[in-house]
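*Asks:* At position 143 of the sequence shown (counting the first as 1) the number is 143 in the UniProt record's numbering, and the numbers step up by one without a gap.
Hints were generated in silico from the structure; no laboratory data involved.
Careful: at least some of the hints might be erroneous.
Said to hold, decoys possible - In silico DSBU-like cross-links for lysine-lysine, where the CA-CA straight-line distance does not exceed 35 Å:
| id | residue 1 | residue 2 |
| --- | --- | --- |
| 1 | K67 | K55 |
| 2 | K163 | K22 |
| 3 | K70 | K163 |
| 4 | K115 | K80 |
| 5 | K163 | K80 |
Stated by the list, open to error - DEER-style ranges, computed between Cβ atoms:
| id | residue 1 | residue 2 | range |
| --- | --- | --- | --- |
| 6 | L109 | G153 | 54 to 62 Å |
| 7 | G153 | Y61 | 31 to 39 Å |
| 8 | A85 | K152 | 19 to 27 Å |
| 9 | T158 | E21 | 43 to 51 Å |
Just so you know, even glycine gets a beta-carbon here, dropped at the ideal spot from N, CA and C.
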Amino acid sequence: MDNYDQKLGIKTWAEADRPREKLLLQGRRQLTDAELIAILIGSGSRNETAVDLSKRILNFYKNDLAKVAKLSVKELSKFKGIGQAKAISIVAALELGRRRKETEKEGPLQITSSKDAYEILKAELSDLPHEEFWILILNRANFVTGKHFVSKGGQSGTVVDPKVIFKVAIENNAASIVLAHNHPSGNLRASSADISITKNLVQSGLLLEIPIYDHLIITDHSYLSLADEGLM
């Protein structure tokens, strides 16, 4: 019959198959990624349910939530059926998830190795479609007293102004600092510019008696320490 060829709206589904009702009846862990996103979306269209729309978005990114988490409101809005309001809901929810992960797995407060610094900074610098530059402020015992955003750039670089970096360091009574920026491409090699900028900043830090202990390059899944590699 023709009726079987028509897509059914969520309200006509069995109660156990509706995302909201399924969450109430079975708990949040029983929902698929598509069903969770469908709850954020709220409603589909006459031709496509919210779950089908969610599946279409996920399928486009090979069901990789890490890639979906990087999307901007503008990028999500390119999908038919996703307006600005729905895109904002998705971006906000995924950002909350990222922040929760950061607070649950916050790294050690004392820096004894490059891995310690990475654990503290990875939540800030992973899953970004552009480059950002951050610094860690350390006291004399190498305890972290703050982490600060310095600058934002494009996909292949960001402007690093020594005056801004050391202004933040001085204002926050830094005994020493750790530098960090991300490579959205996933490339863990330090460029000649990365090495040159780092060496210049190290020299400036010595003059101001604010030593730079390390410069990390962070990707979504790993990091490179210029200090460990002998590039400083």
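*Asks:* Against this structure, judge whether each hint is valid.
*Replies:* Verification of the supplied hints:
{"no.": "1", "hint": "K67 / K55", "in the structure": "holds (14 Å)"}
{"no.": "2", "hint": "K163 / K22", "in the structure": "violated (55 Å)"}
{"no.": "3", "hint": "K70 / K163", "in the structure": "holds (30 Å)"}
{"no.": "4", "hint": "K115 / K80", "in the structure": "violated (42 Å)"}
{"no.": "5", "hint": "K163 / K80", "in the structure": "violated (46 Å)"}
{"no.": "6", "hint": "L109 / G153: 54 to 62 Å", "in the structure": "violated (29 Å)"}
{"no.": "7", "hint": "G153 / Y61: 31 to 39 Å", "in the structure": "violated (24 Å)"}
{"no.": "8", "hint": "A85 / K152: 19 to 27 Å", "in the structure": "holds (25 Å)"}
{"no.": "9", "hint": "T158 / E21: 43 to 51 Å", "in the structure": "holds (46 Å)"}
The structure does not agree with the numbered hints 2, 4, 5, 6, 7 stated previously, though it agrees with the rest.
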